[in-house]
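Make a model of the complete structure from these sequences and hints.
For the protein sequence lines, the chains are X and L, in the order given.
Per this note's numbering, residue 1 is the first one in the first sequence, and the count goes up by one each step.
Per this note's numbering, residue 661 is the first one in the second sequence, and the count goes up by one each step.
Please note: incorrect hints may appear among the correct ones.
Straight line, CA to CA, 25 angstroms or less: simulated SDA-like cross-link-like pairs of lysine to any residue [unchecked claim]:
(1) L:K820 - X:R340
(2) L:K1014 - X:L454
(3) L:K1072 - X:P6
(4) L:K1013 - X:S165
(5) X:K346 - L:K1219
(6) L:K766 - L:A755
(7) X:K354 - X:T331
(8) L:K766 - X:I172
(9) X:K160 - L:P1012
(10) L:K1006 - X:I172
(11) L:K1014 - X:R340
(12) X:K221 - X:P272
(13) X:K354 - X:R340
(14) X:K346 - L:P1012
Worth flagging that the hints you see were computed from the coordinates, not collected in a lab.
Number of protein chains: 2
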Amino acid sequence: MNAPFPTVIIEALSPVIDGGKFPIKRITGEWVVIEATIFKEGHDIVRAVVKWRSSASVPWQESPMEAMGNDRWKGSFQVQEIGLTEYTIEAWGDAFESWLEEVEEKIDGGITDFSVEVLEGAVLVRLAMERSLIHQGGSQKYQSPSDLEKLESYALRLEKGTDLSLQELNAIIADEPLLSIMRQWPDRSFSTCYEPSLTVRVDRLRANFAAWYEFFPRSAKGSATHASTFRDCLARIDDAKAMGFDVIYFPPIHPIGITGRKGRNNSLICLPDDPGVPYAIGGAAGGHCEIEPTLGTLADFEWLLKEIKERGMELALDFALNCSPDHPYVTNHPEWFFHRPDGSIKYAENPPKKYEDVFPLNFNIDSWQELWNELRDVLMTWAERGVRIFRIDNPHTKPVAFWQWVIAQVQKKYPDTIFLSEAFTRSPMMKVLAKVGFTQSYTYFSWRNTKQELEEYFTELTQTEMKNYFRPHLFPNTPDILPYYLQEGGRPAFLIRAVLASTLSSLYGIYSGFELCENTPVLGREDYADSEKYQLKERDWNAPGNIKAWITRLNQIRKTYSALQTTNNLQFCFCNNASIIFYLKRSENNRDHLLIAVNLDPFHAQSGVVEVPLHELGLSYDASYRIEDLLSGESYYWKGASNFISLNPQTHPAHIFKIS
Amino acid sequence: MNAPFPTVIIEALSPVIDGGKFPIKRITGEWVVIEATIFKEGHDIVRAVVKWRSSASVPWQESPMEAMGNDRWKGSFQVQEIGLTEYTIEAWGDAFESWLEEVEEKIDGGITDFSVEVLEGAVLVRLAMERSLIHQGGSQKYQSPSDLEKLESYALRLEKGTDLSLQELNAIIADEPLLSIMRQWPDRSFSTCYEPSLTVRVDRLRANFAAWYEFFPRSAKGSATHASTFRDCLARIDDAKAMGFDVIYFPPIHPIGITGRKGRNNSLICLPDDPGVPYAIGGAAGGHCEIEPTLGTLADFEWLLKEIKERGMELALDFALNCSPDHPYVTNHPEWFFHRPDGSIKYAENPPKKYEDVFPLNFNIDSWQELWNELRDVLMTWAERGVRIFRIDNPHTKPVAFWQWVIAQVQKKYPDTIFLSEAFTRSPMMKVLAKVGFTQSYTYFSWRNTKQELEEYFTELTQTEMKNYFRPHLFPNTPDILPYYLQEGGRPAFLIRAVLASTLSSLYGIYSGFELCENTPVLGREDYADSEKYQLKERDWNAPGNIKAWITRLNQIRKTYSALQTTNNLQFCFCNNASIIFYLKRSENNRDHLLIAVNLDPFHAQSGVVEVPLHELGLSYDASYRIEDLLSGESYYWKGASNFISLNPQTHPAHIFKIS
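What follows is the structure, encoded as structure tokens:
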């Protein structure tokens, strides 16, 4: 603000998260479109610019905003640098344009004496000349002498006063070059800046467009008797790459504790060969910065990381703030844990469930800063080793303030770091974790199966304020979640959920076994029977009935069509069958929009009439057009909005239509 | 906040204006009901209180908030002191209640070994004992020794450890007195306060419930040839009192300039007897702190003010920031005005309209502080003289920042001061003036005539965020506005607009002449012909056809029924005739709800079926009940929701029903 008090009101900015407390999120190269209500007392013409800078040490860039009527203004800028970009609005009453309007209104009102008005105009032109000269001195911008000359000539004409004819005055106020030169040198000495400025967190492309593949490295070769090591993982990674996945995600790879180690199926009895739960971190071989010896050495890890990167893929690591009773922290920092009156350390519980192999950390302690710094250093260590994606286990059981701090710390040094929040809890906590810094978030997708549920949830995710800070990462399954829908619906259910996950969000992932349609549960629960959390898993990675070809095709389509590379371009359309969901994914360049229809019923063929959003597609109400199903390769001739489709869950539960 | 970092998330507070930038408004004795989303990581039981204080020098008061589900909480407090009251929310994870829940869940889960849990409970009880003792030392609260004794006995029982039976444990955790005592001494050392705190502006009753009567004191006696003085005003004031008005509002009473003085009907030719426009302030007799000599002296003014107060009424003065060319400021502070290149001072214009008798002030000058201080001192002078209501003329043509500052300055010294914003402009400016401090606001009511217009506008005013900061003051006419509806609709239109103004808001006013149904316009415009802004006005204050009895009855009903003493208790109900508007005004004590039906058509009788909101009235769907029209005194027997009404605009254009 240049004025000693706010001279222009700038309010109701959009988008803005909680009044500007938290940044909005964008991907590098994306546009930030800002709207605001901007006005001033009296009759002055207001002008406004949006200003942005990627750090306080670089000068502001700016671009003019446009009035949309009713005091509402719009402006935009493109974000480039990964990290935080600051932005604000500057607005002012523009003396010259106000003068133009006043003179126009007086001419329209039949006034004929402009002897003083033209002198006022001349003064304003001469003041602009002075401002341009000052700028030249500072060599910030170059004002061509010809422009100066032109302004001088306008000033001289206006200074003719009563000798200036009305016709000549009319010509001057309608003169585009004059307005254009004057707009370069506005008087902003009484301008107002919106305060405090807002921020946008800019992430790299993979923060918003990626397909993840999760597997336990110890099960890589699919042997129930011989644990696989990092050196055994290449086949699995190549298979994931062939299916079109970009990110390999490993559950924790750190030493697993012995004390309290769980046996198969969460048994308290642990046999000598039982490998333990990877989330019970810490043992003789070390804690969160070390490698579980049965997986290999740090050198093996680094070799594998290099192999993954050479394939154009990336590795995501799990960050689970659990300590086994054997974790070095327990001996070195007993004050970081919860102590009970009997002298024991409290293990994790979710009554009546007990996790005897895991001690949670106590964040509300006097020496909290020491603990927080240590945890930050763990992340820094892995970032230093080249890991730039962290999937955070259960962030909703640690203080939100800790995440806000630690994510900022890591991203300050490694701006390209991505954090995925694995929070499955009530909505306000899910949202606030995204607001305070998580790049991506797990969702309720796993439990949204009907058309109404999906439409409501994805409308909230993509059409409300959430679209500006919450990037939904869709997992149809996880090691902890085998949804009833997959248990009951069998192979067709896997086909259906794969289409939904890969097209409803540009971010999705599967936990290995999904492609094999594994769906044997612990009876009556959403847990996997014989979960590999507790044991090595025997698998034929090419077992009959697998849906690898289907997933491969989906990932190919995602990579080919930009409409599937972003999430908020979703629009639900009408289908008269409640089992068929029908939606449009718009492409930014207005070409290659996709229309997607999915039969949500895994048991029966369903057919119905869909309403094609012709207007959005640029088609007339009676247009004839050819559509091509990218999944089957088949084409159809359609006409107008209403068209018939039929989807068999066994053979083709979905269409992904491209309009030709 | 006591914790070193926020431990509890407190967000989405309601009501809140622009993220807390501006206070909400309440009347002394009213309740502030706050809702917020409050939650914490993990499984701790959260507790929260709302805290408030009327100044930083008094201790916080607090009352517990209640959980409403889905992390949403509600709390309330009653405001008392006029001025600003600060409030916030404090929340914490409650160790003892979390312990209670954990033990309950374990019992429910079939766990039987509580040997350590009971010791944990004992520790928590003993910690509460310590906290209570500390408080006693500071003598802030008295903890009865019997409570201490009880806690000691609970602790001893829990310390029995394995000797405590499950039955005994069950009894302890279900023990109401234990919970009640423990709730007095919660551990709030890791609590979080919502920051920054919010404020509520508390006004006196008349800020929200009043009927205003505006007249030009110089026309008090209704003579076109002899100007009335303050000493002539008593009859007019008594008449207004008899009609039930509470506030007398005078246009500016300051010396009127001679230079550029306007003649009748805004003529540039001013005859010797023309009194001039009261808004062209300043002359030989002084400026904004002095009295126009033809009205009397300051002593006369003070006498009149006393007379008004003795009648239980109050005087509102106009604060118009215009200066005539003869204003002392023009000589003493030429730098406060706009200067033109020809050496002249710029008079006010709204092209092509010219106000040659008025110089506007220039707020954007280097010596702005001097100007602002002077204007504040004008208000202070009148406040000192006993005026506590100011109607501010055209605030939307002065900087909003000035109003925010000057209102705060005046209310700091005179907290009971009321400011009415006479802004007729676009909606964002109307709203921001209310946000920054105006107690009441003029509205678009004057131009809202149809049922749809009225329902939409009053729904916005009373059901959206506006209800918390914008108090609509309804004027069916002003010296500047003779709406076409009144011009065309004649006497029935005046009856109709009087009912609407006096019942749609608890604040309304009329400009004198309304009660006489004066409606001769300048042809084709909303201006009064022969406006008394420019001349003395001849009037018979009891002219035939006047509607004084109607207005008197309306004001009587307003004073009798609390439902009409507040504005936001409005609810529109259905009537199947588009010309009849039908609404419920709820009373706070759930007695004396009023149902109001108005025929908006001034030309024809209209009838229709209304739907009585039986549920809101506590009546069953088939109830029989008697309703009494407070306007006519007639009673009707109605049954169920649908009932017939018929309204003749000539004789009874409205019903105000009381349900018996």
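Tested hints:
1. L:K820 - X:R340: 16 angstroms, holds
2. L:K1014 - X:L454: Violated, at roughly 62 angstroms.
3. L:K1072 - X:P6: Distance of about 22 angstroms is within 25 angstroms: holds.
4. L:K1013 - X:S165: 23 angstroms, holds
5. X:K346 - L:K1219: Not satisfied, since the Cα-Cα distance of roughly 66 angstroms exceeds 25 angstroms.
6. L:K766 - L:A755: 16 angstroms, holds
7. X:K354 - X:T331: The given pair, whose Cα atoms are some 22 angstroms apart, holds under the 25 angstroms limit.
8. L:K766 - X:I172: 85 angstroms, violated
9. X:K160 - L:P1012: 23 angstroms, holds
10. L:K1006 - X:I172: 23 angstroms, holds
11. L:K1014 - X:R340: 84 angstroms, violated
12. X:K221 - X:P272: This hinted pair holds, its Cα atoms lying about 21 angstroms apart.
13. X:K354 - X:R340: Holds, at about 16 angstroms.
14. X:K346 - L:P1012: 81 angstroms, violated
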